[in-house]
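Asks: Residue-level listing of the chains:
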Amino acid sequence: MLLELRDIYFRYHGEAPILEGFDLEVQDGEFVALLGPSGCGKSTLLNLAAGLLDPLSGEVDFEGKELKGLNRNAGYMTQGDTLLPWMTVTNNIALPLELRNFPKAERQQKIERALRLVNLWDARDKFPSELSGGMKRRALLARSIIYDPPMLLMDEPFGALDAQMRETMHQELLDTVGRTGEGVLFVTHDIAESILLADRIIVLGGKPLKVMEEIHIKWGKDRDLDQIRKDPEYTALETRLRDLLRAAHS
Amino acid sequence: MNMMTKVESDKELAQSTRAKPRGLTRPAPVRKSPARYRLENLALQVLLIGGFLLLWEYASDRWVPKLMVSKPSEIGAMMQRWLMDGTYMTNLWVTIQATFFGFTFGAGAGMIVGFLTGSWRRLGDILQPIVTAFYTLPRLALAPLFLLWFGLGIEFRIVFAATIVFFLVYYNTYFGVREVSRELISAVRIMGASRLQVMTRVIIPSALVWVAAGLKISVPYALVGVVVAEMLASDQGMGFLLSRSASQFSASGSFAAIAGLLVVALIVDWIITKITDRALRWKTVAEQN
Ligand SMILES: Nc1ncnc2c1ncn2[C@@H]1O[C@H](COP(=O)(O)OP(=O)(O)OP(=O)(O)O)[C@@H](O)[C@H]1O
Ligand SMILES: [Mg+2]
Chain E
1 MLLELRDIYF
11 RYHGEAPILE
21 GFDLEVQDGE
31 FVALLGPSGC
41 GKSTLLNLAA
51 GLLDPLSGEV
61 DFEGKELKGL
71 NRNAGYMTQG
81 DTLLPWMTVT
91 NNIALPLELR
101 NFPKAERQQK
111 IERALRLVNL
121 WDARDKFPSE
131 LSGGMKRRAL
141 LARSIIYDPP
151 MLLMDEPFGA
161 LDAQMRETMH
171 QELLDTVGRT
181 GEGVLFVTHD
191 IAESILLADR
201 IIVLGGKPLK
211 VMEEIHIKWG
221 KDRDLDQIRK
231 DPEYTALETR
241 LRDLLRAAHS
Chain P
251 MNMMTKVESD
261 KELAQSTRAK
271 PRGLTRPAPV
281 RKSPARYRLE
291 NLALQVLLIG
301 GFLLLWEYAS
311 DRWVPKLMVS
321 KPSEIGAMMQ
331 RWLMDGTYMT
341 NLWVTIQATF
351 FGFTFGAGAG
361 MIVGFLTGSW
371 RRLGDILQPI
381 VTAFYTLPRL
391 ALAPLFLLWF
401 GLGIEFRIVF
411 AATIVFFLVY
421 YNTYFGVREV
431 SRELISAVRI
441 MGASRLQVMT
451 RVIIPSALVW
461 VAAGLKISVP
471 YALVGVVVAE
481 MLASDQGMGF
491 LLSRSASQFS
501 ASGSFAAIAG
511 LLVVALIVDW
521 IITKITDRAL
531 RWKTVAEQN
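Chains as they are written, first to last, in the numbering used here: chain E, 1 to 250; chain P, 251 to 539.
Bear in mind the hints are in silico, worked out from the structure with no lab data behind them.
One or more of the hints may lead you astray.
[Unchecked claim] Computed cross-link-like contacts, DSBU-like style, restricted to lysine-lysine with a CA-CA straight-line distance of at most 30 Å: (1) Lys65/E - Lys210/E; (2) Lys65/E - Lys207/E; (3) Lys282/P - Lys533/P; (4) Lys533/P - Lys466/P; (5) Lys110/E - Lys221/E; (6) Lys230/E - Lys68/E; (7) Lys65/E - Lys230/E; (8) Lys68/E - Lys210/E; (9) Lys230/E - Lys207/E; (10) Lys282/P - Lys524/P; (11) Lys110/E - Lys533/P; (12) Lys533/P - Lys104/E; (13) Lys136/E - Lys110/E; (14) Lys126/E - Lys524/P; (15) Lys104/E - Lys126/E; (16) Lys466/P - Lys524/P; (17) Lys126/E - Lys533/P; (18) Lys466/P - Lys126/E; (19) Lys218/E - Lys230/E; (20) Lys533/P - Lys136/E; (21) Lys282/P - Lys126/E.
Please put together the full structure from these sequences, using the hints given.
Replies: Rendered as structure tokens:
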């Protein structure tokens with residue numbers, strides 16, 4: 001088991017509990033998508049998995065061991081902008097490699113690949129303040145996947161991208177994950193995206209947060225996204241998830 | 251007929267809707283080239299100062315007693331004399347030296363203490379009120395003590411200026427370090443940063459904006475501190491020149507000393523701006539957008 005949240009109780013100081021007896025697990029190499037209304041606690045879940053927040057009771061296990069402090073084996077693409085404003089795009093993306101002492105020769109090649117992957121090669125010498133919102137998201141994406149961590153935590157990674165860029169990113173993410181075998185916990189508001197990418201979709205809702213529904217997707221790892229879009233089952237799933245989300249909202 | 255009016259009114263409508271945005275959008279601002287803009291400003295500044303000097307020259311001895319305000323031509327003559335006989339050189343050099351060391355020691359200590367108290371919360375909570383208590387103490391009240399300790403030499407002036415600079419830089423560093431985004435720190439730590447790396451990659455660059463601002467504002471204060479100390483007790487430096495001229499009822503001398511200080515202040519400010527701008531290039535880029 002890659003990640004396991006067990007019997008979690010959590011609330012922000014002075015607020016009603018967001019999580020109570022909450023369980024969630026991600027298998028090795030599994031791609032799990034979280035869908036749920038805004039403000040229900042998805043980012044909170046990712047923060048718990050990243051070790052940025054500690055559960056008030058219950059346990060977060062990573063690779064079989066209880067997580068103490070920060071989860072340094074997870075690449076976390078946060079919902080907010082956490083690029084360092086005083087570093088150029090290149091230096092921001094290179095930061096994890098540098099902090100983890102990747103050999104110099106390997107670094108250069110990875111950086112160039114990552115920059116091209118997210119289409120920021122021409123903007124590589126810019127500072128974050130000179131980027132558009134979508135470009136910042138792409139830089140963050142590159143930074144969180146560049147060092148191939150065992151797990152990716154992604155909070156609405158593609159929300160600010162145009163449709164074309166998003167399609168490219170979907171394919172790239174699936175390729176990367178397929179190659180490295182990383183597990184992914186992926187928050188999105190986009191139903192179609194969750195169907196295209198995930199092995200398992202979890203619909204969340206309620207306060208305290210409950211798993212409303214869990215849907216296993218059968219397409220497997222080497223899926224063809226264009227093929228899936230034409231599949232009648234895709235449409236059926238979309239309709240079903242839409243209804244579930246509508247219910248989760250109320 | 252009805253048809254006609256309809257067509258016409260449609261046309262009108264089309265025209266008015268098309269004209270509307272044109273009327274609403276302001277004409278694109280024609281930007282002057284930055285060089286041209288600066289040149290114009292410079293010309294206006296020269297004009298303003300020149301006009302003031304002319305007025306001064308004219309008013310002196312006509313509307314205001316010359317003994318009190320002197321006049322630019324006489325001040326100019328005095329400046330030239332001081333320039334030739336080395337009065338400026340020797341005294342300016344003394345003042346600049348004291349300012350430099352006062353600034354360096356004060357800023358260095360301010361940065362170190364500010365950094366420690368800012369990043370070590372417990373220490374900050376203990377020391378911060380004490381530092382504030384000292385800050386509210388008028389520095390001039392310490393002058394007699396410093397004189398007692400350090401005598402009339404340059405050390406007194408250096409320490410006096412340093413105590414002023416220290417607080418300015420300390421506060422900026424302290425708050426700069428505390429302001430650092432916790433989100434950024436977490437993000438970098440998850441990427442694998444050690445404590446030291448968090449310091450060098452996040453806390454220091456982030457606090458640098460504040461520290462630089464503190465350094466910049468404290469330069470003129472260092473100069474003021476030295477000049478005041480020189481006026482209080484010294485037989486050299488621009489402050490000494492100033493107080494000696496005043497005690498001899500020489501307004502020309504006083505103004506000539508002030509003019510000398512002005513030039514030094516401008517030069518020092520220019521240097522420190524160049525240095526901080528380079529360190530904060532990312533910030534300048536952000537402000538231009
Ligand atoms: N630092 C905080 N302090 C107090 N309350 C918080 C804090 N962060 C989040 N919350 C509250 O916790 C709840 C869950 O927030 P969270 O950010 O996990 O939602 P989310 O599901 O990620 O929403 P979205 O889809 O809009 O990003 C919200 O009601 C929010 O107001
Ligand atoms: Mg969120």
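Asks: Starting from the hint list further up, note which numbers the structure goes against and sort them upward.
Replies: 6, 7 and 9
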